[in-house]
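Got chain R sorted already, so can you dock chain A onto it with the hints?
Each chain, letter by letter, is given below.
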Amino acid sequence: MTTRTTGIPPAPAGERRTWLRDHSELGVCVLLSVLGALVLTDALTMDVDITQRGPVGPKTVPVVVGAGLLVIAALLAVDVLRGGRGEAEGGEDVDLSEPADWRTVLLLTGVFLGSAVLIEPAGFPVAGALLFWGAAFALGSRRTDRDPLIAAVLSLTTYVVFNNLLGVPLPGGPLMGVL
Amino acid sequence: MDTLNSLMDGFGTALTPVNLLWAALGVLLGTAIGVLPGIGPAMAVALLLPVTYGLEPVGAFIMFAGIYYGAMFGGSTTSILLNTPGESAAVVAAMEGNPMAKSGRGAQALAAAAIGHFAGGLIGTVLLVALAPTVADLAVDIGAPDYFAIMVLAFIAVTSVLGSSRIRGLASLLIGLTLGLVGLDQMTGQQRLTFGSLQLADGIDVVIVAVGLFAIGEALWVAAHLRRRPGAPIPVGRPWLGRDDVRRTWKSWLRGPLIGFPFGAIPAGGAEIPTFLSYATEKRLSKHPDDWGKGAIEGVAGPESAASASAAGTLVSMLTLGLPTTAVAAVMLAAFQQYGIQPGPLLFEREPDLVWGLIASLFVGMVLLLALNLPLAPVWAKLLRIPRPYLYAGILFFAAVGAYAVGGETVDLVILLIIGLIGFGMRRYGLPVLPAVIGVILGPNAEQQLRRALQISDGSVTGLVDTPFAVTVYAVTALLLVWPLLRKLATRGRRTG
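Chain order of the listed sequences is R and A. Anchor point for the first sequence: position 6 equals 6 in the working numbering, and the numbering is continuous, going up by one each time. Anchor point for the second sequence: position 261 equals 440 in the working numbering, and the numbering is continuous, going up by one each time.
Okay, chain A solo, but in the shape it has when bound:
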């Protein structure tokens, strides 16, 4: 009951005219960003971090959450109509959605995706409401050693679950940790990696790192390999579904969240794995096996529903433990830091207005998104025709605005460009960007928790593992580390046996 009351209070916050406006702006921006090629939700939130200087936290987070959910809705439009998915999570939508569009069933594909996102987001957010306060209660007395354990888990998970090469993931993480070291040591005021420069003594602002890696790096990378003729989107009418389509898809919409939500909550790369799993599940359960590969509507409905539910799962870990499991969550965590708010179990006690307002606004945003996307899909599809020079020039422009707004210093723009060039090199040589961002955001915090934990235990290393919570987290971390080894042994055993 307590939760329901808090949620009602949250609706009170979310439904004020100003916050409704932020939610509407968020979902509009999010959908546009999802449709636009080259911009992902993480880059969008990173580019918008400067608004945190002028906006109160509730409004800013309502807008960011709207962008996250909206980008999920918009992303499938690009996949279905253009067959060039920008994010790995949208690959699945293209596999069945694009053949549907080619055979003249684009309207149905868009409708199946939009309703799938609505169903997935709704179920996911209901699960978030049900689970988050419980998780927060369980975690409420975790201390420095436990926080450190969670951050170690985040570091290991982000480098070994994502991407194809652990070495490259670790290299990226270490680059991020190095950038996070620059500045004054938080506990002793010792200068580190500042080379006597006053500017560097303040550290490199997280906004600059996030904008540099996500926006500048991406814009330069695309510029080096710009497709000379962007693909032409398939024209489409208003999305709608016939009775037969609904009969085929309603179970897929309901199954998707069951796969998506848990995967969103653990550090396993967000929507990428659950969308593929949902696709495989739907394919196995389908009563129309011949349609697959030629445009099976269940193959759009299930994975899209899973994708949105995974976004809700991501928010559970971020709000209750301060553990970012996706790039968007990492950048939102940076926004929390800008406000001096520490997400974690205490967030629900200290900032109930913010948390519940944010959660309630997710429901509001979902309704807005369904209303925006079903009738307006053809209008959104027009965004795909934007001239690419304007798009990427615009990204560079807003990146510069954001970095300059941090402190009004020209040198910040130069640092931004250098980090952007690092981001460019990382994309060229297959170093994933996310571990670096997680390293910058969590690194300084992890060091502080480590040192605090060791102070409490008076220097004894056992102080790091003296709670059941920390031991459990380390066990999970160890499992992640040896998992590929075990799998290799298992397949080898099977081959010889």
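Just chain R, with the same shape it has in the complex:
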């Protein structure tokens, strides 16, 4: 292989940035090797059980998986440097011709985390409604007359179905205490 195989080539900053963007998949290799190291360390620092029978104990599989992760990370890095690219997944509503819209993803993540924090103090009906409305808003829906109504009805219905019909308890929160 005569393609670039080592590190970042000596090039102006702009070119270096595009090189990094083209090879962002190397980040996956880094994550995989970190995960592999983590699994290996955890397995090797495990207290050895004396009563173990046979050659395969609680350590064996984690060691194999951890080592496998390291090997795969290396193989993937070689593949990426040789020009291999993972194909981004298509779909009915997916338009890959435009760059990723990170703002929406961040907003959705934030809305999701916010609702997760609210679910215990505020109760599921409130947190769930906020999750739906917030997510719809992040995805570009601006119907302030219709969106909150749909969110509230969906959340309350789900609460009643799960809590009262299926017997899966969800926190009602102060609102359900009042009702």
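FYI, nobody ran anything at the bench for these hints, they're computed from the structure. Where hints are given, some of them may not hold.
If you want the ones that stay clear, here's a sample from chain A, every Cβ over 12 angstroms from chain R, calculated [stated by the list, open to error]:
no., residue
1, A211
2, P236
3, G348
4, W429
5, Q521
Which chain R residues face chain A? A few, computed with CB under 8 angstroms, are given here [said to hold, decoys possible]:
no., residue
6, E25
7, L26
8, D79
9, T158
Ideal Cβ placement from N, Cα and C applies to all residues, glycine included.
For chain A alone, coordinates are given in the frame of chain R:
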């Protein structure tokens, strides 16, 4: 005769009012999910896993099977009317179906697809009834080494047959296996990857992993690349077929299942390969070669029939061996685990009500689906107009409900989001999701069988290969591994020779 009696008992189970209701709900949900863009049957079953906490198993599996079959019916509607297939298995339906719709023959395309699904599902399910008990009988005394061999086969098949890159498939599998390791070791109670956290000591619930990878990952991925103007579906009337169309398609409907069923039963990616094979076969056999690419009705009928039959084939491997060959089967396997039921050869002996009720409900579901889809297709097509923000907000909402219902813990929602972000990254960099899910679901079980097998043989590795069954399975696995190499050698040999 024994099988027929069991099937009759199954109909007794499936035709009780409550179970009929679950079947109807399943096929309705399934069709809606198939029509809706962005939701596949695997995500739908994953989102519905929490109902297993409140529902008895027979009803839940009747509903899940209805969703699986229903989504096959609904999926072709999207392909034909919108030309943007959501799943690889539906690509073929768009190739001839969409040109038909554009030239005003959408009603015929929908009818050919719906009847094709009915024929394929019916033939496939009859084959399931005929074959499954035999397979279960043959496999009934398989032990730990054999189970381990089957799981190794599943791991290798899912990483090397599917997708374009084996390295990426393996990376995904290892991520899944890692997630499956978290928690207490099942045999010694040793803590693994818990980092001293009590919450992690219970392990990460399969529901959370499945919902995170399929639902949250998908919703975030679509959100990052949301098509600003969704395509407008082609308006269509009630599906019907003229006599000429029937003359052209009836053989295709019957040929499809012969291709679809065997491919569904082996770990080769479900409906994707058989639909393409059926398409190629129909094209070669067609008496109207000029129509192809412009809307040949056989090109809709054959592949759709193959797709439904492959779903029946999938159920054979899942019920008799516990081997999931598609994403839906993997999630259904997770549901079995939620109930503490181990699918496998003994399932037919231990849970006859469940198995035969489920199989009988497939016949019921198929009739319901045909009745629902032929007259109501224009109504279903209206679902394509749902505003996308509501659709994906709804997916996030139900994903959160499902994960929270697992244990009522906020931390589960955070884990769900993290796994969702992993799923997002996997979609971005072409790591297939299915190997990870199979790894989480089968990984812990495979480890247990491995250790059990080695305990029986007192530590000797030969204990893993001392049954003919295990040796056969390993041979198949080895063949899968070297297959690309052999093919490369063969083409090279031909080129030089």
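Item to check | Broken hints, by number | outcome: 3 and 7
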